[in-house]
Amino acid sequence: MLDFIIRRLIAIIPVLTVVAVFVFLMLRLTPGDPAAVIAGDNATSDQIADIRTKLGLDEPIWTQFVIWISNILQGNFGESFFFKKTVAELIAQRVEPTLALAICTLVIAVTVAVPMGVLAAYRHGSLLDRIVMGFSVLGFSVPVFVIGYCLIYVFAIELGWLPVQGYIRIGVSFWGFLERMILPSITLAVIFVALIARMTRASVLEVLNEDYIRTARAKGLSNRVELMRHALRNAAVPILTVIGLGIAGLIGGAVVTESVYGLPGLGRLTVEAVLSRDFPTIQTVILLFSVVYVVINLLIDISYTLFDPRIRY
Amino acid sequence: MKKVMRRTLGAIAAGAILAAAGPALAQGKVLKFVQNGNLTILDPIWTTAYVTRNHGYLIYDTLFASDENNVVKPQMVDKYEVSPDKTVWTFTLRDGLEWHDGKPVTAEDCIASLQRWGKRDAMGLKLMDFVKEFKAVDAKTFQMVLKEPYGLVLDSLGKPSSNVPFIMPKAVAETDAFKQIDSQIGSGPFVYQKNESKPGERHVYLKNPKYKPRADAASGLAGGKVVKVDRVEIIEMPDTQQQVNALVAGEIDLLEQPPHDLIPILKKDKGVKLVDWNPLGHQFIIRFNHVVKPFDNPKIRMAALLAMRQEDYLKATVGEPEFYKVCSAAFVCGTPNAFDAPNGLLVKPDFEKAKALLKEAGYDGTPVVLMQSTTLPVLTNTAPVTKQLLEQAGFKVDMQSMDWQTLVTRRTKKDPADKGGWNILHTFSVAADILNPISTSYMVAQGDKSWFGWPTDPEMEKIRDAYAKETDPAKAKALAKAVQDRALETAQYGWIGQWYGPGASRANISGWLKAPVPVMWNIEKK
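Respectively, the protein sequence lines represent chains L and P.
The opening residue of the first sequence carries number 1 in the numbering used here; numbering runs sequentially from there.
The opening residue of the second sequence carries number 1001 in the numbering used here; numbering runs sequentially from there.
Accuracy of the hints is not assured; some may be wrong.
Said to hold, decoys possible - Quick list of the computed label-pair ranges, beta carbon to beta carbon:
hint: 1; chain 1: P; residue 1: P1149; chain 2: L; residue 2: I69; range: 39 to 45 Å
hint: 2; chain 1: L; residue 1: D46; chain 2: P; residue 2: E1391; range: 31 to 37 Å
hint: 3; chain 1: P; residue 1: V1137; chain 2: L; residue 2: T30; range: 36 to 42 Å
hint: 4; chain 1: L; residue 1: A92; chain 2: P; residue 2: P1416; range: 43 to 49 Å
hint: 5; chain 1: P; residue 1: A1361; chain 2: L; residue 2: G56; range: 55 to 61 Å
hint: 6; chain 1: L; residue 1: D46; chain 2: P; residue 2: K1147; range: 47 to 53 Å
hint: 7; chain 1: P; residue 1: K1194; chain 2: L; residue 2: L25; range: 35 to 41 Å
hint: 8; chain 1: L; residue 1: M26; chain 2: P; residue 2: D1398; range: 23 to 29 Å
hint: 9; chain 1: L; residue 1: T30; chain 2: P; residue 2: D1415; range: 17 to 23 Å
hint: 10; chain 1: P; residue 1: G1271; chain 2: L; residue 2: G171; range: 28 to 34 Å
hint: 11; chain 1: L; residue 1: T63; chain 2: P; residue 2: N1069; range: 34 to 40 Å
hint: 12; chain 1: L; residue 1: I10; chain 2: P; residue 2: F1178; range: 54 to 60 Å
hint: 13; chain 1: L; residue 1: L138; chain 2: P; residue 2: G1365; range: 39 to 45 Å
Treat the hints as calculated values from the structure; they're not laboratory data.
Only a predicted model underlies this, so the values are computations on that prediction, with no experimental measurement involved.
Quick reminder that beta carbons are idealized off the backbone N, C-alpha and C, glycines included.
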């Protein structure tokens, strides 16, 4: 197991190298000049050129790349072109809302979707099954921002139960934090509920047709034990895989959700950085997302062993 | 049920907030303001971004400022004198001016601030061409010695919009003009709270208890800057629909400029009111690239101008007539330098004349590249209107859509349009930036030193110079008209409509001053 973890951690290095080269080149090849953005609308070409020189953007691309990589290897992720802060500081400020949103979303998604999927499988072909599958199709089809605006209209504008937008840090006010997390988390969770419920239903349905389940039933096990101990546990591996793959979707969804709800997280930082061509920030955030994605999938792989003893690394 | 639920949730929330955030109650009256755009850069000399300019007005003060009628009045300056030959200007500061750290504001601070501003701002650069030297006479008095009389000294020092000649401490103002400053110490009516501010989330300002407002009433950006709240929070909210939702729900107090299509929602809500804080409004611009074909030919540029019809642009972008004005004056209708363009130019198109001019100029039918920005909603519809009008005049138009940041990069290129360059772009200006021939960057005709499009016209520069040197207001006005006439004669660029974007506030907010900049002093929250 330790060998497996070490091998997987070592495998992060080529992944990050490819991501770094790709992101760096994509940004340099995409139209858009941060110096022109910084200089503003009334600037002349000479003023823009001066700013470009100050930022080191007039150096050849390969020189810029070597400087960036060598700085990263020394733990220096650079300074944002705009914020007058190091990128590390910026990310540290923005990580809490995104982390909170991701955790709340996953908790809601798993809590709601797994029972929904299990029940749909158990009542296969029933009205309940059709409702769950109908919701699943809807959850996939409706864009995140539409769900967000609908929830805001009903729960914040019409009913006035929850705030429209904003974020309060958990250390400042727990209730303030919670009431501002409810709508964004539900918004982002809808697509995950749809995804996980569908996968849970399919996996549990497959397991329920296995011989050992029939045997368990014949032994007179209760429905609860049959479903929870035998069916769901054996269906867990594909469900975990979907959750792992869904992390990428979560990052993408967070970008939209954070913009709609005004959450000052990493998703919004990414959008702002892209729109203003803040190269150091975009590069670092994308590298961070890559690391998170790889590490979470490693944890998911490790967790397989908890549910299926046949899996060994 | 709804009320019970609200009360219950409210009580729980209040309890939790009391328990967890007791210190917040000591904040007093808080004004929550949402601007158009995120405040990322805190140096108003380093960038011309309006959000940064607004930040500057909160924490810095200016030597002079323009009032509601655009008349420049002393602000930090107590009195000033001009020598009989109009080359020596002596300024004396008001008593009791202090930096946020308690140190006194000195003449040396003012000189260093003006020198840094004079390296970045168009009007500052022009002023510095005339400045021979600055001299500190004593701690509160300094002199600006000119090489020859200059007619725009007060207009420059009281310039209302970007870049504003804000006064900073000498040590801060000595920062390279092309590097951002580190300090946020000013002498203005608010003190920036760096520890509480989180870019991308909120910026916090507290009332400056040491600030001594002028005795005269507040008017525009001039007069007494009396602060009537304890704290201002600039909330960063990128989504315009959410900005409106937050105002309707009472989560914010002021909204700088809601998009026109959402104004009907605000009009319906009794808890919200629209505020016309910027009565001068904005102006749309069409800019030609003078250094590449075909707009290097003045006849072809004129053919394009002959096809313009302002109302088409205004209907397509703003919609409601109450928020726009057909105005053929380059220096904005409703100001001293407003002059109608001759023969209905820019207002009534003459497609036949345009076609004849194109033929005479030998236009070969090569498509002109028109850049369309798709990420600034107010500009998005200008390019399709231009395409349609130019095609009616006989042009072939290749409209290329892109995000604004790509456009601002591409507009710096002087390559031919088919090799990554461009022929036409649209932008807009806040009216306060374009009130005279010197502050209007589109009027500069010095080739490479001009704004993008790089027109070269020695005659135009001669008239602009004469305007700059003219100290008689009547003669200066005649010269301003001559500049506008010359710009139309050479079809240097086109101004294609004036429009307004009101702000919005909660009904319990009053005292939002009419000015080219949204300012937070004088505002009361009941």
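Cross-check of the supplied hints:
A hinted range of 39 to 45 Å is violated for the C-beta pair P:P1149 and L:I69, which are about 57 Å apart. Taking 31 to 37 Å as the suggested C-beta distance range, the pair L:D46 and P:E1391 conforms, at roughly 35 Å. Roughly 54 Å separates the CB atoms of P:V1137 and L:T30, a value that falls outside the hinted 36 to 42 Å. For L:A92 and P:P1416, the Cβ-Cβ distance of about 47 Å falls inside the hinted range of 43 to 49 Å, so the restraint holds.
Take P:A1361 and L:G56: their Cβ atoms lie about 44 Å apart, and the range 55 to 61 Å is violated. As the Cβ distance of L:D46 to P:K1147 is approximately 23 Å, the hint placing it in 47 to 53 Å is violated. Roughly 36 Å separates the CB atoms of P:K1194 and L:L25, a value that falls within the hinted 35 to 41 Å. L:M26 and P:D1398 have their C-beta atoms about 26 Å apart, which keeps the hinted 23 to 29 Å range intact.
The hinted range of 17 to 23 Å is satisfied by L:T30 and P:D1415, whose Cβ atoms lie roughly 18 Å apart. Under the hint 28 to 34 Å, the C-beta atoms of P:G1271 and L:G171, about 32 Å apart, fit the expected range. Distance hint check: the CB atoms of L:T63 and P:N1069 are about 54 Å apart, inconsistent with the given range 34 to 40 Å. Judged by the Cβ atoms, the range 54 to 60 Å given for L:I10 and P:F1178 is violated: they are separated by roughly 44 Å.
At roughly 52 Å, the beta carbons of L:L138 and P:G1365 sit outside the given window of 39 to 45 Å.
Figure legend: structure checked against the earlier numbered hints; hints not met, in rising order: 1, 3, 5, 6, 11, 12 and 13.
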